[in-house]
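**Q** From first to last, the protein sequence lines stand for chains A and B. Heads up: the first sequence begins at 1 in UniProt numbering, then just goes up one per residue. Heads up: the second sequence begins at 1 in UniProt numbering, then just goes up one per residue.
Heads up, a few of these hints could be off.
Quick list of in silico lysine to aspartate or glutamate cross-link-like pairs, DMTMM-like style, CA-CA up to 25 Å [unchecked claim]:
# : chain 1 : residue 1 : chain 2 : residue 2
1 : B       : K147      : B       : E217
2 : B       : K147      : B       : E216
3 : B       : K147      : B       : E379
4 : B       : K147      : A       : D187
5 : B       : K147      : A       : E112
6 : B       : K147      : A       : E189
7 : B       : K147      : A       : D182
8 : B       : K147      : B       : D227
No lab work stands behind these hints: they were computed from the structure.
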Amino acid sequence: MIRLLLRVLGAEYSRPVRRTIALMTAAALLEGLSYALLVPVLRALLSGAPADAVPWLAAFAGAVAVFASLRYAADLSGFLTGGALLRGMYHRLGDHLTRLPVGWFGGGRAGEVSVLAGTGVLQAMGVIAHQLAPLVTATVTPLATIAVVLAFDWRLGLAALAAVPAVAAAQYLSGRASAAADAARADTEREAADRTIEYIRAQPVLRAGGRSRERFGLLDDALQGLQRASRRSALAALPGVLGLAFTVQAAFTAMLVLGAHLALGGTIDAAELLCILVLATRCTDPVLSLAHAGGALRAARGELERLDAVLRAAPLPEPSDPVRPDRHDLAFEGVTFRRGDRTVLDGVDLSVPDGGRLAIVGPSGAGKSTLLQSLARFHDVDAGSVRVGGVDVRSIGTDDLMARIAVVFQDVYLFDDTIEENVRLGRPDADGDAVLEAARAARLDEVVARLPDGWATNVGEGGALLSGGERQRVSIARALLKDAPIVLLDEVTSALDPGNEAAVHAGIERLSAGRTVVLVTHRMPTAMHADRIAFLDGGRVVEAGTHDELLRLGGRYAGFWRAAAVPAEHG
Amino acid sequence: MATDTAADPAAAPAAASAADSAADRASGPPADTGTSRLLRPYAGGLAGVVVLHVLGAVAGLAPLIAVAETGRELLAPGPPDADRVWAAVAFGAVGLLVRLVLTSAASGAAHVLDGRVQLTLRRALAARLGRAPVAALSRRRTGELAKVVGDGVSAVHPFIAHTPGELATSFAVPLVSLVYLFTVDWRLTLVTLAPVALAVALVPLLTTPARRRVEEEFETAMGRISDAVLEFVRGIAVVKAFGGAGRSHRAFRTAVERFVASFLRMVRGLAPVGAAMQLALSPPVVLGTVLAGGAFLIARGGMEPADLPPFLLLGLGLTAPVAALGHGFDDMLAARRAIGRIREVLAEPPLPEPARPRTPRGHRVELRGVRFGYGDGREVLRGVDLVLEPGTVTAVVGPSGGGKSTLVRLLPRFFDPTAGSVRLGGVDLRDIAAPDLSAAVSFVFQEVFLLRAPVADNIALAVPDADRDDVVRAARRARIHDRILRLPDGYDTVLGDGIRLSAGEEQRIALARALLADTPVLVLDEATAFADPETERAVRRALAPRGDRTLLVIAHRPETVADADTVVVLEDGTVVSGAHTPEESR
Chain A
1 MIRLLLRVLG AEYSRPVRRT IALMTAAALL EGLSYALLVP VLRALLSGAP ADAVPWLAAF
61 AGAVAVFASL RYAADLSGFL TGGALLRGMY HRLGDHLTRL PVGWFGGGRA GEVSVLAGTG
121 VLQAMGVIAH QLAPLVTATV TPLATIAVVL AFDWRLGLAA LAAVPAVAAA QYLSGRASAA
181 ADAARADTER EAADRTIEYI RAQPVLRAGG RSRERFGLLD DALQGLQRAS RRSALAALPG
241 VLGLAFTVQA AFTAMLVLGA HLALGGTIDA AELLCILVLA TRCTDPVLSL AHAGGALRAA
301 RGELERLDAV LRAAPLPEPS DPVRPDRHDL AFEGVTFRRG DRTVLDGVDL SVPDGGRLAI
361 VGPSGAGKST LLQSLARFHD VDAGSVRVGG VDVRSIGTDD LMARIAVVFQ DVYLFDDTIE
421 ENVRLGRPDA DGDAVLEAAR AARLDEVVAR LPDGWATNVG EGGALLSGGE RQRVSIARAL
481 LKDAPIVLLD EVTSALDPGN EAAVHAGIER LSAGRTVVLV THRMPTAMHA DRIAFLDGGR
541 VVEAGTHDEL LRLGGRYAGF WRAAAVPAEH G
Chain B
1 MATDTAADPA AAPAAASAAD SAADRASGPP ADTGTSRLLR PYAGGLAGVV VLHVLGAVAG
61 LAPLIAVAET GRELLAPGPP DADRVWAAVA FGAVGLLVRL VLTSAASGAA HVLDGRVQLT
121 LRRALAARLG RAPVAALSRR RTGELAKVVG DGVSAVHPFI AHTPGELATS FAVPLVSLVY
181 LFTVDWRLTL VTLAPVALAV ALVPLLTTPA RRRVEEEFET AMGRISDAVL EFVRGIAVVK
241 AFGGAGRSHR AFRTAVERFV ASFLRMVRGL APVGAAMQLA LSPPVVLGTV LAGGAFLIAR
301 GGMEPADLPP FLLLGLGLTA PVAALGHGFD DMLAARRAIG RIREVLAEPP LPEPARPRTP
361 RGHRVELRGV RFGYGDGREV LRGVDLVLEP GTVTAVVGPS GGGKSTLVRL LPRFFDPTAG
421 SVRLGGVDLR DIAAPDLSAA VSFVFQEVFL LRAPVADNIA LAVPDADRDD VVRAARRARI
481 HDRILRLPDG YDTVLGDGIR LSAGEEQRIA LARALLADTP VLVLDEATAF ADPETERAVR
541 RALAPRGDRT LLVIAHRPET VADADTVVVL EDGTVVSGAH TPEESR
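With the rest of the complex left out, here is chain A (with noise of 0.2 Å):
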């Protein structure tokens, strides 16, 4: 466990998560032995001799303050550890995510991620500063006062010693078995989780079906389950907890009537006899109560895990030496993309000259997108090479390639910010006429009049006050701002009224004068104007050429062009 939590903060950490549990032990430890004191006043007191205790009992007093003073002391340093931690946990995670490759994020990870950061990583740092102190008190103080038991009584010593074995086999078991159900109830529980998320959101069409009425099979099977997964893993826990509790409880009874037999023999002395006694009920307590610390210590398990899965998620490799290509020529030779099991791109050759204009359209899930992200390198690919100025893009610094490519998404993503802000973000060191200049070719200002407060309106998280075509007008002055030698267009007018789908092509245009450019669409007029467009299907490029060559050829292409174009022309 704490290896695990090492791995996850980094070797730098594990000086001050080292003195934290040394600190803890040795309070610990201190208060089980400072309770060899309590014999020869106990002893004083019971046959009639209170003055003979007071020494007794002042080094006791003595012995309660270094407790306390070390107990102080572990509490503070589990404290300022955790916050050491939590910083530190945070930086790598944060520096670890702007490493990892665009592709990784897909498909749910997002929120994954943000209730990781939010709860996982408390959690787990709450090891250090909660769990850790009642664990090793738990542990420590038992061991300990059973040692002074042993000293003072070596038959009762053994009882005791006994129920340490008993306890650990009973503890290790509890939490094979809790663990095990843990991890079933936890695939209830996403199970729960992926069917009320799909409740909530086919409820249009659920109610159109009058099905909202009943109960939703669907989801109702699974909150069902998860009721009998939540009573097995606590049946599961139970025997554990139980099993525990008789271990402690025979242990102490045992003491009990061994002591009652020793003494009624005459064989120990009835102060001492109750002093061990006394012992013995305080070691019981802090032992109960490792159940359920380690129920605890299991959850902030997974959180760790899952820490220490996202931490190990490869980052996108860097070159050592990388090179600078001199010209802004594109080739994809043998790009061959794998996800999962599914090849979505299959051997793709193409090419396109410095300042030439290649379309990519095909059907929805042909790899269309998967090849315009490759160059920007979202993901790398699984064989081939993408190129640009004729240079592998691995073999070019993430930051150089960044710079010299502007991709203009289907879907734009806002920040929570101004216009102007989300604008800049193309290029932040622009001065505001650029910024001004951007927009007015993007003819973002139109939009920008009709907000109440102009430029310095806040555009909501993920841009929710603006409709698509507006989102995507702050998109294409982003591009235009950053200027960037190569543009990738990604489904830009797919689904856009016509009076934003006007002023984003009039945008378009203005972005594509004199660059490199790659463009994914379905938009026939669109494509037909590109020096060359690549028709993709199933991963492959099923043909190439001109818009005049392609419908000579009569093929996939002019199907698709007749398919869309034609009813167009009509009005």
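Chain B: place on chain A using the hints.
**A** Positioned in the frame of chain A, the structure of chain B alone reads:
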């Protein structure tokens, strides 16, 4: 997290009030809240669990008393009475056994009860969400709402399974101990209570307004971290593409620094007082106090030495209420917050159902003076009059932000207009029973909702009793049949589990769904329904006029506009031209 150890004992007052409300819930919950009504059937069971817990814990005192009484017997002058010693030992052993049986029964029962309560709450939440206006279930809130159903309900767990029993126990056991100790020696009892009194006296130091502020700051800072990460991760593509990593990363780092600073501030403030309290309640301090007090009373107060052991054995238990309250405090707070969120969701106003539904006559759709706003002060529709005659195609065009999407979503009653009315066959939609309305209106919008269920079920969602032939026919018309046959199990392929369809294919499934429903009114957002030319063709064919079907479409393609019977230009929430007003069409 930081409140846990440092503020442990600090929790007493707040936790005590939480305990009160727990007691409320168990005995007689106020009738006005949804949660208490839902929990009432379990009050009896919960009370039983609490009683078992308390009895078990009280039985746990038996071995301690047994040790004390054995000691008394052994210390008495003269030879000890063996029978009485063994009787005390037997008493202790039996007590332990009883405790084991009762507490495990209580714990098992509590968890079973907890599972039932959680299922009840989740079902109630799902039922309520199933009746909320669609506008209240926006994409952004989906995660939040799902979290309430999942983690939110789970957070109630300690409230049911642990806290009531533990709280009751941590008061009942000290009470019984106190009664016993008072009968032994009241003076030493008071001395034994001194550390507890000291700890309680420190409590106000931990609950000053300044400390509360620091704690609130901490919570806010924690929320900011999650937000910063979410923004960071969601915008990662932009961040990478535009080198904005610095900015986003900076925001995240700032949030982290603030959080760590507020964490340390909180800890520094709480640590000394918290540690003092913990120390006051720690076994060495309590034992030392008892022994010092005992030494004094034996020397000067004439106390019998045999009266001392009971205090050493039971005295430590007196600290339980303060310690236990602190212990469960975090869980309790979390449970209370969770219950608050559950209540909020349960209190969401459902889309009103007509008390006496009326049946529409025909399928003429009429909008009169329709106004609508999403509640942010801005009106999206500002008085729309429109008539859709059966068998006609109405195309809505206009600039983005003009209110087109909102307008068409009124027909399947995603939400109700804030003023004016939408009528179907002469009846206000609000007076039509939900099944009747869904039998009359279907839609294809941008958001495609596919369930993790077989393709056939997905298509037949609105018509659960449709047979396979109908499903296949609809799929063919939506031009998705061939694609479905290529799936591993054809129409029985479960979507989701590793089977991913493209956006266009998903939209065609949605279209097949609408075609199968075959309602007299079809609403369609054309601008977003085209993922690729094939889908476009499928949609356009489906749009072909058919009998008396009423079609309302947000038009994107010029030919749709050309073929429409009526073209409505919507701008700034009003119809600027082209519509038949109800008066005209009469």
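**Q** Would you mind marking each hint as holding or not holding in the structure?
**A** Right, here's what the structure says about each hint:
1. K147/B to E217/B: Judged against 25 Å, a Cα distance of about 23 Å means the pair holds.
2. K147/B to E216/B: Given that 25 Å is the threshold and the Cα spacing comes to 22 Å, the pair holds.
3. K147/B to E379/B: 31 Å, violated
4. K147/B to D187/A: Roughly 16 Å between the alpha carbons, so the hint for K147/B and D187/A holds.
5. K147/B to E112/A: With a Cα-Cα distance of about 13 Å, the restraint between K147/B and E112/A holds, given a limit of 25 Å.
6. K147/B to E189/A: Distance ~11 Å between K147/B and E189/A Cα, so the pair holds.
7. K147/B to D182/A: 19 Å, holds
8. K147/B to D227/B: Given that 25 Å is the threshold and the Cα spacing comes to 16 Å, the pair holds.
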